[in-house]
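Enquirer: Start from chain A and add chain B according to the hints.
The chain contents come next:
Protein chains: 2
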Amino acid sequence: MSKVVKSLKEAIRNAGLKDGMTVSFHHHLRNGDYVLNMVMDEIADLGIKDLTVNASSIFDVHAPILNHIENNVVTQILCNYMASGVGRAISTGIMEKPVQFRTHGGRPSDIALGRTPIDVAFIAVPAADNMGNASGKFGPSACGSLGYAVADAMFAKKVIVITDNLMPYPLPDWAISETYVDYVVTVDAIGDPKGIVSGTTKITRDPVGLVMASYAAQVIKHSGLLKDGFSFQTGAGGASLAAASFLKEIMLKEKIRGSFGLGGITGYMVEMLEAGCFEKLMDVQCFDLKAVESIRSNPNHIEINALQYASPAFKSAVVDSLDVVILGATEIDTDFNVNVHTDSNGYIMGGSGGHSDAAAGSKLCMIIAPMFRARLPIVRDRVHCVSTPGQDIDVLVTQGGIAVNPKNAELTERLKAAGLPILDIRALKEKTEAITGTPDPLRKGDRAVAQIVSRYGEPLDTIYNVVD
Amino acid sequence: MSKVVKSLKEAIRNAGLKDGMTVSFHHHLRNGDYVLNMVMDEIADLGIKDLTVNASSIFDVHAPILNHIENNVVTQILCNYMASGVGRAISTGIMEKPVQFRTHGGRPSDIALGRTPIDVAFIAVPAADNMGNASGKFGPSACGSLGYAVADAMFAKKVIVITDNLMPYPLPDWAISETYVDYVVTVDAIGDPKGIVSGTTKITRDPVGLVMASYAAQVIKHSGLLKDGFSFQTGAGGASLAAASFLKEIMLKEKIRGSFGLGGITGYMVEMLEAGCFEKLMDVQCFDLKAVESIRSNPNHIEINALQYASPAFKSAVVDSLDVVILGATEIDTDFNVNVHTDSNGYIMGGSGGHSDAAAGSKLCMIIAPMFRARLPIVRDRVHCVSTPGQDIDVLVTQGGIAVNPKNAELTERLKAAGLPILDIRALKEKTEAITGTPDPLRKGDRAVAQIVSRYGEPLDTIYNVVD
Chain A
885 MSKVVKSLKE AIRNAGLKDG MTVSFHHHLR NGDYVLNMVM DEIADLGIKD
935 LTVNASSIFD VHAPILNHIE NNVVTQILCN YMASGVGRAI STGIMEKPVQ
985 FRTHGGRPSD IALGRTPIDV AFIAVPAADN MGNASGKFGP SACGSLGYAV
1035 ADAMFAKKVI VITDNLMPYP LPDWAISETY VDYVVTVDAI GDPKGIVSGT
1085 TKITRDPVGL VMASYAAQVI KHSGLLKDGF SFQTGAGGAS LAAASFLKEI
1135 MLKEKIRGSF GLGGITGYMV EMLEAGCFEK LMDVQCFDLK AVESIRSNPN
1185 HIEINALQYA SPAFKSAVVD SLDVVILGAT EIDTDFNVNV HTDSNGYIMG
1235 GSGGHSDAAA GSKLCMIIAP MFRARLPIVR DRVHCVSTPG QDIDVLVTQG
1285 GIAVNPKNAE LTERLKAAGL PILDIRALKE KTEAITGTPD PLRKGDRAVA
1335 QIVSRYGEPL DTIYNVVD
Chain B
885 MSKVVKSLKE AIRNAGLKDG MTVSFHHHLR NGDYVLNMVM DEIADLGIKD
935 LTVNASSIFD VHAPILNHIE NNVVTQILCN YMASGVGRAI STGIMEKPVQ
985 FRTHGGRPSD IALGRTPIDV AFIAVPAADN MGNASGKFGP SACGSLGYAV
1035 ADAMFAKKVI VITDNLMPYP LPDWAISETY VDYVVTVDAI GDPKGIVSGT
1085 TKITRDPVGL VMASYAAQVI KHSGLLKDGF SFQTGAGGAS LAAASFLKEI
1135 MLKEKIRGSF GLGGITGYMV EMLEAGCFEK LMDVQCFDLK AVESIRSNPN
1185 HIEINALQYA SPAFKSAVVD SLDVVILGAT EIDTDFNVNV HTDSNGYIMG
1235 GSGGHSDAAA GSKLCMIIAP MFRARLPIVR DRVHCVSTPG QDIDVLVTQG
1285 GIAVNPKNAE LTERLKAAGL PILDIRALKE KTEAITGTPD PLRKGDRAVA
1335 QIVSRYGEPL DTIYNVVD
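Top line first, the protein sequences correspond to chains A and B. For the first sequence, our numbering gives the first residue as 885, with consecutive numbering after it. For the second sequence, our numbering gives the first residue as 885, with consecutive numbering after it.
Just chain A, with the same shape it has in the complex (with noise of 0.2 Å):
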């Protein structure tokens, strides 16, 4: 018994792929990714159209399916994260239905609780064995973890893996088990690993950068959260690993032992884990060849999958444990509401990724952006379009001074305390104004390109054409 078919085609017409269905993608192969093109090619070549693409991240790499969208095969995207080149294409307005962005967290929700079905999931592994068991650890494409794969492998009425890389059955360290799998098929290469993973994530030596960084730390240092079982996200921007980078210091000044690292992991993350400021790293996401290193061979490195890391719709998640998370952000309100969907003249750019997941799961969820960028400042009265709501954020970090959600009034009397330069976000926003004047008003166009859900799965923004 074997389910290895013979091609991709063969795979797609035994699923039963119709037209009007929905498709399922991951993005741990990044921008390197071959395999999201390679199944839609196979699908325009069928004739099949009309289908609704489910995938967790779109890269520039899968700009081609701007074409399938201008010959009907695609009709509909659901994404957590869209980059520029093809958010542009998409702000412009060149879909019907508008474009819909989860969360990490919220749509793996959505598939397990059957409000976003999916008909065939394409599930690219960098191994697997004949009967469909696959992880992201071993292979020429090895990517580490599959943790946003899995509620797709789950939930799916078909699960077609495919792999350049099948290893003798059973495959040992699965993170896709056989249970789940209808098909596999092999192919030359399922992505160029130049694009998977970096060679390695840097921290910034930008001078701003390392003033928000140090505030950042001061701001971890002073919360009362940092002793022994401390648990801590950050993302794999420069200034997020700076701030990492100082608190490092702090830990291993202070002998302090955390509990976890958590979410999409760097080497330097790893390096942290290493030298013992954490027991254990928790990863749905590997960020570079260190991290895909360790999770394949630390043991207290340890792969978790998109329901685990951030979920809603079970009974706990990971990010419910959460001490503290730095996010990022392109633009923030005085209501603290946070955008990374689009830039700040309105084009999509981004999405929440787990934004809004370890946001609201976090015990303190702080931001660390430039007052401004390009001379338009980061601080709004309102933002495009609303990411993350403001209820969840706690602390903004800026060059010029740091922010707390006046919710927080323990913790803005503790970082006063601390001597570290708190002020009102309205006073934030008008000394950023003094140096870059009050930026234009938005001019947002009237076609709903993109709706933003919830990790709840409520709709929570709209996203509208721009008009230039």
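Quick caveat, the hints were computed from the structure, so don't treat them as lab data. Only a predicted model underlies this, so the values are computations on that prediction, with no experimental measurement involved. One or more hints might be untrue.
Chain copies aren't distinguished; within one or between two, either way the pair holds.
Taking lysine-lysine pairs in the DSBU-like style, the calculated list, with each CA pair at most 35 Å apart, reads [stated by the list, open to error]:
{"hint": "1", "residue 1": "K893", "residue 2": "K1111"}
{"hint": "2", "residue 1": "K1105", "residue 2": "K1041"}
{"hint": "3", "residue 1": "K1041", "residue 2": "K1199"}
{"hint": "4", "residue 1": "K1247", "residue 2": "K893"}
{"hint": "5", "residue 1": "K1199", "residue 2": "K981"}
Expert: Just chain B now, kept in the frame of chain A:
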């Protein structure tokens, strides 16, 4: 945030348990289990009645359930195995509703498909953290794999984890994820380690057992299946282990490298792994301390759950890739139907466990059993009850000769060519009866005491009360 509640009673109340509901238990603590009795006593104390108990197996340590049956706290039992003490009482007809026997693969199928919904799962675990991540590998009551508890956790409406070993969050290497757990309760002890696993499992020294074991190894050797990539399952009985021992010698001598050993795992299978006979062990249940130590420390000794092991409800299970399984029987009939539920007098003293599942999945299913026990012949015209249908049984090995199911013409020729003592199953029956005499015909009562449900969820046979 924490899911730890103060007492079992509080957890039962919070879970909303009411008259007429279904509660579930697993059997990894075997005859050392304290938890089923502890929970049922609390439930009785709360005055809750008319419950269905869905337990993966009932051991004789669970005899207090008979009192709860008498008091109408328990009005139905679903299980995959029932030891002879409780079984004998059930066989006298003390319950109005017949016991439903399933298989280790069929039980999680029927749970997953909603055929046997569980209201509250009570899951005894040797280690848990405050959010419910749970493992069988650590702690004073370590039992190794928690494979049979996973479907209960995934599909029960409410899940209560009960442990005597609360560990720091996040517990690594969980069998059950926090995503499924509602409440965590700590107790002094979940079981008696002496009853949970045996110190060692021993190979038979009985001459009859050794003859059967030798024949069994020869059947495998000449079956055409014993080559690189070979996979194997056997039980913990003395003769089965002796067969594994002979098989090991052959594999080492002929330098055959198998792919995996499967099933309930003994120290003997661990030795085969360590000697290089297999690349991996796939372990749904640990039978002895050596297996527990190995699953904790050897990454090639892999925990699987009952869905992965044997469930026909999903896309595939490991049994579907199994080459050879050695199984037992209390009776086998001339159509090769096997009884493992009752003794030859008709009293319940066992159950399918994984018998039917491994038989259905494997390429070669071999029964080893002596020609007679206590002067009662094994081969019958008709078994008391069909536990595993004859169509899934390939070979019967006894000390008096080997009977091959007539459907296997090629195998018969291979074994004859190898000089093995092959004879028709009817001839084997006559040969046995020449020694034992013809057994008295069965005297079944007219009251159904148990229904046997096939691994596919279909009625397979009925067990009637015993008339003395």
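Enquirer: Determine for every hint whether it applies to the structure shown.
Expert: Comparing the hints with the structure gives:
1. K893 - K1111: between (55 Å within a copy, 34 Å between copies)
2. K1105 - K1041: The answer is neither: 48 Å in one copy and 41 Å across copies each exceed 35 Å.
3. K1041 - K1199: Both, since 24 Å and 10 Å are each at most 35 Å.
4. K1247 - K893: Answer is between: at 31 Å across copies they meet the 35 Å cutoff, but 48 Å inside does not.
5. K1199 - K981: both (33 Å within a copy, 34 Å between copies)
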